[in-house]
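Undergrad: Take a look at the letters that make up each chain.
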Amino acid sequence: MESIVQIQVATMWTLEVPPFLPFFIGALIAAVTRGTLRGAIMVAIPVVSALHLWMVPEGVHLQFAFFDYQLTPYRVDKLSLMFGYVFHIAAFIAIIYSLHVRDTLQQVAALMYAGSGLGAVFAGDLLTLFVFWEFLAFTSVFLIWARRTRRSYQAGMRYLIIQVLSGVILLIGALFYAAENGTLEFGFIGLTGIAGWLIFIAFGIKCAFPFAHNWLTDAYPEATVTGTVILSAFTTKVAVYSLARAYPGTELLVYIGAAMTCFPIFFAVIENDLRRVLAYSLINQVGFMVVGVGIGTALAINGAVSHAFNDVIFKGLLFMTMGAVLHMTGRMNGSDLGGLYKTMPKTTVLCIVGAASISAFPLFSGFVSKSMVMSAALENGYDWIWLMLLFASAGVFHHAGIKIPYFAFFAHDSGLRVSDPPNNMLLAMLIAAVLCIGIGVYPAALYSLLPYDTGYNPYDATHVLAQTQLLFFSALAFVWLNLKGMYPPELHSTNLDVEWFYRRLFPVAIQSLFATTWKLDGALRRAFVLRLHQCLHYLSGIYHVPTGLLTSSRPAGSMAMWVAIFLAGYLFLSFIN
Amino acid sequence: MLIQLPALAVILPLLSAPLCLFLRRSLLAWLFTVIASGLTMLVSITLLQQVMASGTIVYEMGGWSAPWGIEYRIDKLNAYVLLIVSSISTVVLLAAHTSIEKEIPQDRHTLFYVLYLLSLAGLIGVVITGDAFNVFVFLEISSLAAYSLIALGEDRRALWAAYQYLIMGTIGATFILIGIGLMYQMTGTLNMDDLSRRLPEVAQTRTVFAAYAFIIVGVCLKVALFPLHRWLPNAYAYAPSVVTAVLAATSTKVAVYLLIRFTFSIFGISFSFTTVPLQTIFVILGLLGIFAASTTAIFQKNVKHLFAYSSVAQIGYMIVGFSIGTTTGLMATLLHLFNHALMKSALFLALGAVMYRIGSAQLSQFQGLGRQMPFTMAAIVAGGLSLIGVPLTVGFVSKWYLVLAALENGWWPVAVLVLLGSLLALVYVWRIVEAAYFNEPPAGRGAVEEAPLGFLIPVWVLVTANIYFGMDTRLSVQVAQAAAQSLFGVSP
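Top to bottom, those sequences are chains A and B.
Just so we're on the same page, the numbering used here is the position in the first sequence counted from 1, plus 22.
Just so we're on the same page, the numbering used here is the position in the second sequence counted from 1, plus 599.
In isolation and in its complexed conformation, chain B is listed as follows (with noise of 0.2 Å):
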């Protein structure tokens, strides 16, 4: 059983998803979907301890030994992003009961809940694998689930948006898949772990550097590195809230992680680093990214908008550690991607609980709600000041590292921009505050209850995770520190 588990981690989503289609009741789907979820992440967990006890894993699919089979590889840096994946989905699945039933009408529910977790598992299988096709085709799963749960959304504008998603989101998987096509012609195989011994003999050739170039840019696209984000904003704002809140915390880190994945494993950092100024570039477009997402989160007048943005600017700073190119810099980022996730998931899910008492996001909506529904906006209030890094939350933890790797370096100006960024998310988390809690309520609107509990205990669970994570650092820090270093070839 032990052994099957990197099998299990794929198909208990991806089976499940079917069988799901037999439960017509609402209720009944929602609790098959939260308890396959949940395994998944009790199966990641049960991962992460073996790899970080006793290293990585491999898994032959079917018995077919690589690398004419597919194998799952799965070391520090995928187990880590298994955790993320699958808890974060876990905790919000537990909302989305509550959710949907405002949101999506009664005959789709089932529906979303097949989406939810053939997402979950293609997102999962990106992770996972070990074999750069493979990567190709869990990502179109997670994808094209994804277009579908963004089109569930109430809103007309959703479909637009997941119309617009769905073009650019192809664009980059056919990149994706044009970069591996050229890699095979060169190298004749698609195991990653085959691609990373035999890439650098053909290294200095112009395909082996067009099959880079088309694969970062797939994967900026999936990442929304600014200015590929252009999908993001609108696919967020329509999307069902616990779509958001899911999607925000989970399929850019994914993205994230196959950026990581194929420029420090497959091509290796000598080649990634050294053939085109990638470094430099990227930090260019990570600091435009802090600053323009920013700025614009900041004229935003719907605050799912508005925290989409600042999810455009937050990977800017995930871009800015990645081009840092050094252990600390890497590890900065998967920091983020761990608070990133965890800060995301709460905001979004307790904009979840604001839509589902007030059925709107408009930043003129939230006024005088400090006092209507406090734990929830106790929970923005909290979620936005762990977006802004303050110290005692994880933001401070990531944005720390982020920094400390930038002076390493010796790039002051670097960490000069990175604190300045995060004055801009000081300015548009105090355009809610200031809604909320300086304001009394528009005129017109009755009574507010506070959300229920179905919203509430997920939402504070993750607020709890913020601030918990913020002060015990031991899980993420190790983690990431370890993976990073094993990605540097560094033993740990």
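This is chain A alone, in the form it adopts within the complex (with noise of 0.2 Å):
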């Protein structure tokens, strides 16, 4: 009975901590602390921290008052402690993955960038919301930073721009959200009322719709090669998680995900800087997400989110079997490497079970996830919706499924011979690769964490056909393709995407225009100022001369005139009323 008691205190007591909490203390101590101790407190966090996570039942557990309004800055439910799970899951492989990193800025960037997407996703009212989405946009962006290359401080502060300029809308949003319904709570919103629409946009430049997709397609080839695989985890996965929240069942979110599935293959099939292939099936991923959490059924929900947790594992394995190579090699260029296989088997073999998630083989995670998704669009009517997630779905197969794995470890030899990363890094990409397929297996495990229960099963005669065919046919397209010599060669370009209208043609538009308006303006001063001398030499003849009108310096006589005028005036109106 007493320990009962000294249990139930204990999770009082703790219940009180917010997950953030310890990976900020963790970041503190980071800073300080250098070595094995540092490594050691670092892996203890994510582990320490998912502990206590696990134990925390759902419910509101801090909340006080702030003017008029209350701020719940820690609120447990499924759907937040799902994102909290995979947020714990992907900080830990980041970490390991970047053991053996000696630059204390990464480490604690990652840290507090980690622990802002925990708030985020556990904040209760807006504005806690707005105080982590600021905190995500300003602790990522040392993540791209600390590449330390010129490159990489613009694309970071492009980066940083656009995610601070979330930041305000979202606030914007929620003062407008206060001021309309009273209340800061973070709950159904919807497209109702200029709040509705200014927090949408907010989340959609996080979750990079299209057109507000660049900054992740610019900043995140150029962040550090562990930057990368943090980076890719959170920002666009508080997003989603913030749109599955606000705006479930938003029939918009079904066209844009779809475009988000469908426009980025067409860059990536031509991209040759593989991370830059990575960044943009991610927002294809990201797309099937939006468009589960528009159709907005439980089962779709269920499939957005799944697929957000899987995506978060593999995507996270993909892009640290990339930083792999980019690690020993120091080249991220399709068309500059190769043949890897013979010197980096265990990296080939971890990356192909990235490829075979993400492109959702049956037994790999994707497939688990994906088809939930897709069958919700099917079931709920949205026929061409569904054509388009399966083009999607064999082009994701096509850029990330084969080529990544092709051009970095086959295709023709580069002649590069270099070993399998440290072995921290391997360990990283084989528990996500477990991962990955633990789920593919065992998608009880998954399912059993949903917002819903909707009893779905993804391994029937259906599914599983549908999708080996697909799979199938894709592979033999790029095999044809690839004989025939008609697949895009990797050539060392630039791909103009939209982000070619900030980058360039609004610098440039922007330039010209106020050359233009610089000298209009020369121009204008001149002719005001010399209108202005004109006007001052009129009036300080008038002033400031002692002959001048208001200044003579006899005033008496014409003073006396001024009284006696000012008396009969008067005179006269009070005798004529």
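Incorrect hints may have been included.
Among the chain A residues that face chain B by a calculated CB cut under 8 Å, a handful are [what the hints assert, rightly or not]: (1) C557; (2) L561; (3) P577; (4) A578; (5) M581; (6) A582; (7) M583; (8) W584; (9) V585; (10) F588; (11) L589; (12) Y592; (13) L593; (14) S596.
Simulated restraints on C-beta separations [what the hints assert, rightly or not]: (15) A:A582 - B:T925: 55 to 65 Å; (16) B:W1029 - A:V530: 36 to 46 Å; (17) A:A582 - B:W1029: 34 to 44 Å; (18) A:P79 - B:E1007: 51 to 61 Å; (19) B:V1015 - A:L197: 47 to 57 Å; (20) B:Q1084 - A:A582: 31 to 41 Å.
Some chain A residues flagged as far from chain B (calculated, every beta-carbon gap over 12 Å) [claimed, not checked]: (21) V54; (22) F114; (23) M179; (24) L182; (25) I194; (26) I216; (27) T319; (28) F383; (29) P473; (30) Q533; (31) F536.
In short, the hints are calculated from the structure, not lab data.
Given the structure is predicted, the values throughout are model-derived calculations rather than measurements.
For every residue, glycine included, the Cβ atom is placed at its ideal position computed from N, Cα and C.
Build the complex: two chains, separate frames, hints provided.
TA: Now the structure itself:
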């Protein structure tokens, strides 16, 4: 009996500790420690925090009043728990993967960034969400800048501006929301009123909606080897979580998501930088989740959430394998790589596992979640969307499932002879790969965590057959195109995306605009100053000269006249009344 | 003793004046004057406390009861103005000894203090008395003393300026006297309280209209309302610095007090604001004054002239507040009485310090002073900021209430114009800042030392007051509000 009370007291006390706190404290410690000690502490943080999260029941655990509003920095329900778990897994894997890094800046930023992501998904009100939203931006940008090249600095700056913009829009939206509804609670918002739209746009920017996606493909490939791994896990998933909470069943999201699944494929196929290929495929995968959120049924939400869960792991795995290649060879362009399987066999195998997962091979994790979204689309009558998703699945297989491992590890021999990466990297990749296969083989474990119980079974004959056929023909197409020499060759090139508008067109336009404006402004100003001088000259004639109208030094006469006028006018006015 | 306080407020400076004549030494006369003025200030503070605590004090001079005798009637309004006059006079006096040392010949120092005390007694008397004819008497006492004080200025043009002021002031005083005479003719009484009760019976006669017209025009001359301001700039510019500081801060304020007293207490708002379009005329003249005088100030080459014109502009603000004709508007005017007294006394006293060191107030001589007289110039900048109406200074408080009053009345163009007027103030203050901080000292001027403590202490007391009352507005706002409410017959 006594021990139960003690446990209760213990859990009562620990309930008060929101999950971002261990990460922030850990970041502080990591800032002052070095070497093995820091490594141990960093590995321990997600483990301890995850155990703690495992015990926390659902409900609101931290709440206080702020002016007239209730702030809820720590709220736990099934949806946030799901993301909480996967964020812990991602943080754990990424930390192991980056154990060899000696750069304090990166390690601290990574912990802060992971903590901010956790803070955001457990935020129960819009103001707390905004705070962590901006935290995500400010902490993650250091993972990009940590590469310490001019390119990464500029990319980071562009990234930061867009992210902060998203935060500012969120804040404005939140203020409007509070004014409209008298509460800041972060629940279903819906696309009603200006608040709904503003918050939607803020989420959309972070979610890499089409035309707002360039921060992702621009900045992620410029980050450090380990930075990209951790970056890929949090920012977009926080946005997916926020959409799932605030806008489930918003039909617009279905179309936006479908567009997100399709358009990156074209860019990904012609892109040479393999990490940028992965960045495009990240948008594509997020598109599946957005479609799921947009459909909004229990099955669709389950699909979106579980696909987010799986994507964090398999996309992380792919980024890790590419990171390993970059780490060992220093090159990232498909045209410079090839034939690495001979000396990097373990990495090759792990990469193929990741590729199989993202391509949704049966028995790999992508399959059990992506099929949920597609089933939901079909069930709700979105036939065309289903076709688009099908096309996107084939495309994913193409660029992420085949292109990535093929150009990195096979294709023509680049002559590079590097060994497998350090053990900590291999271990991290191994954990991710095991999870990919584990979830694929035994999806019930994942399904038990989902917000809704739908009794869904991915392994029925239709699904498996349809998916296998799709993959088979897609592979066939690749082989055929490649043999005929019609596959777009990997070339050193810069592919233009929407970012061209703000990286080239916009600056050029602005510069020419300013040049003209300045010329015009100069001319106008000269004219104005001339007029002003003339005016001043005239005025000073009136006011300033001793004999001027208002400054004569012998005022008595004129003033007596004024007095008389004043009096006469006054009397006249009062008498006529 | 406490019962006799109202009489004491006038008698103290009035009797000190002839006594001071016996003190031949400048220092002694100065100390004596400071003590007399300081005691008057203490009396004013006590009176204000009493009035705020227990309401209007009525004092019958010599035991003769009104309306035969002269009655001193102290309500919140005149207790408030009394405090302004006596405290500014005392603080400015602190610098007098140092200042007149260079500006007035040694043998006239005693005379200066005698005139100063007479002027103070006159101003206090105008404010404190409850008898209309008595107002004229005290007004003449203070004005005659002021003319002589201005004539003491070292510049020979001072005499000329004093003469012009004398003519204009006398016209104004005569007009007031004519007005009072007409009122006496119609009511048979000179007591203000009595007048206010008897005037409504005969209000619709032309004699009363004429009486009000004469009084308003006469008082407006004293107020220096645009376009009747022409005596002011020269008088302020050529008077000794201390005289300018005290006159700028008190004499026009007392005239504004008279305007309020005659309009609200004696004739009553229903008469004053309805018989003639007084509101419209005053708003237009006030706004014209703000813009014309501020623009003129921008073109001045003498900083004393500059601030004198700025004073005319500031009076425009008071008139605008007055003519809005609501409690808030009147409150803004009363606040500006207090606040403008603080700003202008600080500014003119700081100018006195500059005069003391470089013997000139020409703008060209201000070049490079920012580094040579840092404390003095900082005071001028602080006073200038207050003049513009920057938040955390008193100028902001009065502008705030003025704009509030205009908006309350739906006069938003007035509010906009008032704020635009502040921009003009920014321009002329900036000219001084530019000269003092961004220009090199003119060639040929030797090293300039910081002003002596005799100046710095009173100047910085006033500057601190400018900032303190800009943040802690309890005293000024509370009293101004209570006074405005009682004038409108709202029991506070």
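Undergrad: Now tell me if each hint is right for this structure.
TA: Okay, the hints, checked on the actual structure:
no.: 1; hint: C557; verdict: 11 Å, violated
no.: 2; hint: L561; verdict: 7 Å, holds
no.: 3; hint: P577; verdict: 3 Å, holds
no.: 4; hint: A578; verdict: 5 Å, holds
no.: 5; hint: M581; verdict: 5 Å, holds
no.: 6; hint: A582; verdict: 6 Å, holds
no.: 7; hint: M583; verdict: 10 Å, violated
no.: 8; hint: W584; verdict: 5 Å, holds
no.: 9; hint: V585; verdict: 6 Å, holds
no.: 10; hint: F588; verdict: 5 Å, holds
no.: 11; hint: L589; verdict: 5 Å, holds
no.: 12; hint: Y592; verdict: 4 Å, holds
no.: 13; hint: L593; verdict: 5 Å, holds
no.: 14; hint: S596; verdict: 4 Å, holds
no.: 15; hint: A:A582 - B:T925: 55 to 65 Å; verdict: 34 Å, violated
no.: 16; hint: B:W1029 - A:V530: 36 to 46 Å; verdict: 40 Å, holds
no.: 17; hint: A:A582 - B:W1029: 34 to 44 Å; verdict: 36 Å, holds
no.: 18; hint: A:P79 - B:E1007: 51 to 61 Å; verdict: 57 Å, holds
no.: 19; hint: B:V1015 - A:L197: 47 to 57 Å; verdict: 29 Å, violated
no.: 20; hint: B:Q1084 - A:A582: 31 to 41 Å; verdict: 39 Å, holds
no.: 21; hint: V54; verdict: 42 Å, holds
no.: 22; hint: F114; verdict: 53 Å, holds
no.: 23; hint: M179; verdict: 36 Å, holds
no.: 24; hint: L182; verdict: 34 Å, holds
no.: 25; hint: I194; verdict: 26 Å, holds
no.: 26; hint: I216; verdict: 28 Å, holds
no.: 27; hint: T319; verdict: 55 Å, holds
no.: 28; hint: F383; verdict: 68 Å, holds
no.: 29; hint: P473; verdict: 52 Å, holds
no.: 30; hint: Q533; verdict: 33 Å, holds
no.: 31; hint: F536; verdict: 28 Å, holds
Figure legend: structure checked against the earlier numbered hints; hints not met, in rising order: 1, 7, 15 and 19.
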